[in-house]
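K.L.:
Start from the sequences and build out the full structure, keeping to the hints where you can.
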Amino acid sequence: MNIVYKNIQTFNPQQLQNLFLSVEWSSGQYPDKLAIAMQHSSLVFSAWDGEDLIGLISSMDDSIMNAYIHYLLINPKYQGKGIGKELLRLTTEHYKDYLRIILIAYDKETGFYKHCGFEAGEDKIPMFITSLWT
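Residue numbers for the sequence shown follow my numbering, so the first one is 127 and each next one is one higher.
I should point out that these hints are in silico values taken from the structure, not numbers from a laboratory.
Quantities reported herein were computed from a predicted structural model and do not represent experimental measurements.
A portion of the hints provided could be inaccurate.
Within a straight-line C-alpha distance of at most 30 Å, the following computed DSSO-like cross-link-like pairs (lysine-lysine) qualify [claimed, not checked]:
1. LYS234 <-> LYS159
2. LYS132 <-> LYS211
3. LYS203 <-> LYS132
4. LYS234 <-> LYS203
5. LYS207 <-> LYS159
Distance windows between CB atoms, simulated [to be verified]:
6. TYR131 <-> GLY243: 15 to 25 Å
7. ASP178 <-> LYS211: 11 to 21 Å
8. HIS166 <-> ILE230: 12 to 22 Å
9. THR236 <-> GLU150: 17 to 27 Å
10. MET186 <-> GLU212: 17 to 27 Å
11. TYR131 <-> HIS241: 13 to 23 Å
Using N, Cα and C, we set each Cβ at its ideal position, and we do this for glycine too.
P.N.:
Right, here's the structure in full:
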């Protein structure tokens, strides 16, 4: 397995759909919107096994103080191999001079993010207006 990491923002919608649906995220039902969203993200790193998109992290930022990691997902066939950790490392290295890096973690992923240096906010609750279920 030779994983290649890329800093690109243009993707084939089908590649995005395959990746997002591999982790059962409902946003995979909107591949054309995902492709546009990646183009408009502040930063996107992706992981590739040959021609296959197997992982992705995207973020938005205000260019100096705050960065928000929106997506981090790895195809389940490749999970547990350090790919997510490397994508997160690339992103946090990029934002090393920012004052805050934020993300919302689902309960089952909090251990991973804590291991990578994130802390749960006390007295903070993520809030949404959304029609997506994952």
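K.L.:
Hint by hint, which ones does the structure fall short of?
P.N.:
Result: no hint breaks.
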